Amino acid sequence: MSSAYILEQIANGIILGSMYALIAIGFSMIYGIVRLINFAHGDIVTIGAFAMLASVVALNAPFALSVVIVLIVGAGVGMLIERIAFRPMRGAPQVTGFIASLAVAIVIENLGIMTLTAQPRNFIVPAWLSTFIPLGPLQVRAIDLTIVVMAIILMAALALFVRFTKIGMAMRATAENYNVARLMGINIDRMIMLAFANGSALAAAAGLMWGSKYSQISPLMGLIPGLKAFVAAVIGGVGSISGAMLGGYVLGLAEVLFVGLLPPEYSGYRNVFVFATLIVILLVMPNGLLGRSTEERA
Amino acid sequence: MEQRSSWLAALTAALFGAVLVYAATATLDPYVLSIVAFVGINIILAVSLNITNGFTGLFSLGHPAFMTVGAYVTAILTLLPARKTRLLPDLPAAISHMQWPFLPALIAGGLVATLVAVIVGFPVLRLRGHYLAVATLGLIFIIQGLATNLDGYTRGALGLNGLPELTNLWWVYGWVLVTLYVCWTLKHSSLGRTMLAIRENELAAACLGVKITRTRIVSFALGAFFAGVAGGLWAHLVTLVTPTSFTFLLAFQLVVMVVLGGSGSITGAALAAAVLTIATEALHPVEEAVGLYGLSQMLLAVAVLMVLIFRPKGLFGMAEPDLLGWIGKLHGRQPTRSGSKCHREV
Numbered sequence: 001m002s003s004a005y006i007l008e009q010i011a012n013g014i015i016l017g018s019m020y021a022l023i024a025i026g027f028s029m030i031y032g033i034v035r036l037i038n039f040a041h042g043d044i045v046t047i048g049a050f051a052m053l054a055s056v057v058a059l060n061a062p063f064a065l066s067v068v069i070v071l072i073v074g075a076g077v078g079m080l081i082e083r084i085a086f087r088p089m090r091g092a093p094q095v096t097g098f099i100a101s102l103a104v105a106i107v108i109e110n111l112g113i114m115t116l117t118a119q120p121r122n123f124i125v126p127a128w129l130s131t132f133i134p135l136g137p138l139q140v141r142a143i144d145l146t147i148v149v150m151a152i153i154l155m156a157a158l159a160l161f162v163r164f165t166k167i168g169m170a171m172r173a174t175a176e177n178y179n180v181a182r183l184m185g186i187n188i189d190r191m192i193m194l195a196f197a198n199g200s201a202l203a204a205a206a207g208l209m210w211g212s213k214y215s216q217i218s219p220l221m222g223l224i225p226g227l228k229a230f231v232a233a234v235i236g237g238v239g240s241i242s243g244a245m246l247g248g249y250v251l252g253l254a255e256v257l258f259v260g261l262l263p264p265e266y267s268g269y270r271n272v273f274v275f276a277t278l279i280v281i282l283l284v285m286p287n288g289l290l291g292r293s294t295e296e297r298a
Numbered sequence: 299m300e301q302r303s304s305w306l307a308a309l310t311a312a313l314f315g316a317v318l319v320y321a322a323t324a325t326l327d328p329y330v331l332s333i334v335a336f337v338g339i340n341i342i343l344a345v346s347l348n349i350t351n352g353f354t355g356l357f358s359l360g361h362p363a364f365m366t367v368g369a370y371v372t373a374i375l376t377l378l379p380a381r382k383t384r385l386l387p388d389l390p391a392a393i394s395h396m397q398w399p400f401l402p403a404l405i406a407g408g409l410v411a412t413l414v415a416v417i418v419g420f421p422v423l424r425l426r427g428h429y430l431a432v433a434t435l436g437l438i439f440i441i442q443g444l445a446t447n448l449d450g451y452t453r454g455a456l457g458l459n460g461l462p463e464l465t466n467l468w469w470v471y472g473w474v475l476v477t478l479y480v481c482w483t484l485k486h487s488s489l490g491r492t493m494l495a496i497r498e499n500e501l502a503a504a505c506l507g508v509k510i511t512r513t514r515i516v517s518f519a520l521g522a523f524f525a526g527v528a529g530g531l532w533a534h535l536v537t538l539v540t541p542t543s544f545t546f547l548l549a550f551q552l553v554v555m556v557v558l559g560g561s562g563s564i565t566g567a568a569l570a571a572a573v574l575t576i577a578t579e580a581l582h583p584v585e586e587a588v589g590l591y592g593l594s595q596m597l598l599a600v601a602v603l604m605v606l607i608f609r610p611k612g613l614f615g616m617a618e619p620d621l622l623g624w625i626g627k628l629h630g631r632q633p634t635r636s637g638s639k640c641h642r643e644v
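Chain order of the listed sequences is G and R.
Position 115 of the first sequence, counting from 1, maps to 115 under this note's numbering, and the rest follow consecutively.
If you want this note's numbering, it's the position in the second sequence, counting the first as 1, plus 298.
Don't read these hints as lab results, they were simulated from the structure.
Bear in mind the structure is a predicted one, so any value in this text is a computation, not a measurement.
Where is the CB? At the ideal position from N, CA and C, for every residue including glycine.
Where hints are given, some of them may not hold.
Sample of chain G residues at the chain R side, in silico, Cβ under 10 Å [unchecked claim]: (1) 96; (2) 167; (3) 169; (4) 234; (5) 262; (6) 273.
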């Protein structure tokens with residue numbers, strides 16, 4: 001096993017981790033504020049990918065503009081879902097929220113199957129994204145580099161927004177203590193909507209990356225990445241945004257190294273490995289790497 | 299006295315059901331019979347999921363995983379030894395040389411599913427309930443991955459086909475009765491009350507000395523047992539089991555049955571299972587006619603959202619509609635009110 005091969009695997013892990021991190025942030029942000037595990041989050045990934053395809057094919061928009069369109073579509077769908085499905089149930093038991101989010105996921109997936117058929121279709125990306133760029137000992141595809149850089153830009157923008165703006169501070173206050181934040185005059189509805197908008201925009205961005213990297217998309221493509229991103233959020237500590245970023249990279253690297261370093265007959269166990277990791281993490285470290293104790297925050 | 303008359307009513311209902319099953323097997327054609335059997339299997343699944351999700355207030359999506367486990371175990375045990383040694387070379391000789399009758403094979407399937415539930419439940423159920431939802435969803439993919447990759451034991455993605463067609467309506471009816479009996483007894487037992495206490499207020503229950511984690515594991519494992527049995531019944535009805543026989547979509551449908559029926563109501567879960575299974579079967583031709591595959595799933599999901607928004611306690615709430623009392627009335631007796639009063643307050 002050469003060192004170039006190992007480097008290549010690490011690079012792949014970082015690319016996969018970037019996408020997991022972007023999806024996991026949304027999970028954590030929404031969970032942090034409304035204590036909802038949003039199973040429909042993975043379907044935002046699908047919507048992002050299809051929005052990208054539509055904008056490239058139908059509008060013939062340049063890559064950068066398409067990315068902006070995808071972010072807007074993602075945010076819009078996130079807010080719409082919150083408004084229609086989750087807001088009427090606020091204050092209901094947690095289980096109600098799970099079921100509602102599952103129902104939303106099924107609605108989105110089946111709408112996709114009904115309108116677009118379940119057949120995977122080819123994802124069209126500009127030719128320059130497929131060129132190879134030499135990077136030290138490695139040959140990296142332009143799309144891979146774009147994914148990593150774009151993920152870092154998006155995450156940095158989110159971190160700055162949450163850390164330094166007044167609205168970001170209000171969001172953190174809402175996550176810290178919902179009721180006290182409301183007493184301080186923070187518009188809770190707006191904060192929840194904002195969490196959905198931000199989280200879904202990032203998930204949609206992950207969707208366009210997923211499509212560009214694996215060059216095939218289908219209405220059910222978001223299911224597994226969405227669930228794996230949840231595992232990433234648990235690894236980082238559910239509710240913590242920085243934890244979700246860290247967890248995403250940790251999981252991406254672990255998954256790729258598991259497949260890359262073990263003999264090929266184990267590669268079929270990829271999903272088994274990821275979800276078994278979840279159960280092990282819950283056993284030994286239920287608060288994740290950066291999370292706080294969940295028991296007292298109930 | 300009242301206790302006895304309610305027993306009599308239950309017995310009457312069971313006998314009436316048996317007469318119906320007899321009439322059905324004698325008159326209906328195989329296709330309709332298989333739908334009736336599916337209704338029964340879904341009743342077993344929904345009522346048993348109700349132990350975990352309804353009584354204890356956990357949120358498990360793991361039933362498809364336990365069904366897969368139960369289906370494979372039962373199938374391996376009932377398969378002809380000659381086929382087993384050829385198809386599944388990695389099986390230990392002791393297992394590949396034996397062929398069990400259906401009943402012990404089903405029970406073995408249920409027990410192995412229970413074992414898996416305990417192994418998974420132990421780390422997950424110590425935590426607050428919401429982790430269980432994700433862990434059990436993960437479990438579906440773990441079991442699917444194992445069934446696909448352990449070729450020597452499961453024949454991989456091809457699955458096991460040509461299983462003996464052992465499941466008939468009598469088997470299904472028998473297990474439906476067992477499931478209903480166990481759930482009914484449980485709901486009115488001290489253990490069942492403990493589960494309800496955990497659902498209503500975990501902290502208060504813990505203060506009263508309820509062992510939270512242990513009770514949760516028991517309720518999770520009990521649900522898994524019946525899921526395993528149902529998986530075995532299912533496999534021997536369609537004579538096939540593959541790693542993707544039971545998916546995440548099924549988990550959603552089962553949860554929907556429990557929710558529509560009213561979490562905690564055995565009658566509600568059973569009725570919802572029957573109605574939804576028949577409705578899905580009835581919508582299939584419509585889907586094919588208009589060419590919109592996925593329509594029935596979507597309508598189901600939208601209906602669930604509506605119920606959650608406008609009738610959050612489910613169609614029946616927690617109560618058991620007094621069906622047995624109605625049967626008593628038909629016989630000209632006083633309706634039995636013994637059991638229903640106390641749990642209507644819950």
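Hints, one by one, checked against the model:
For residue 96 of chain G, the interface hint holds, the least distance from its beta-carbon to any beta-carbon of chain R being 6 Å, beneath 10 Å. Against a cut-off of 10 Å between C-beta atoms, the interface hint on residue 167 of chain G is violated, since the closest Cβ of chain R lies about 27 Å away. At about 27 Å, the closest approach between the beta carbon of residue 169 of chain G and any beta carbon in chain R exceeds 10 Å, and the interface hint on this residue is violated. Of the supplied interface hints, the one on residue 234 of chain G holds, with its beta-carbon coming within about 7 Å of a beta-carbon of chain R, less than 10 Å.
A hinted interface residue such as residue 262 of chain G counts as satisfied when its beta carbon comes closer than 10 Å to some beta carbon of chain R; here the least separation is about 13 Å, so the hint is violated. For the restraint placing residue 273 of chain G at the interface with chain R, the shortest Cβ-Cβ distance is roughly 8 Å, inside the 10 Å limit, so the hint holds.
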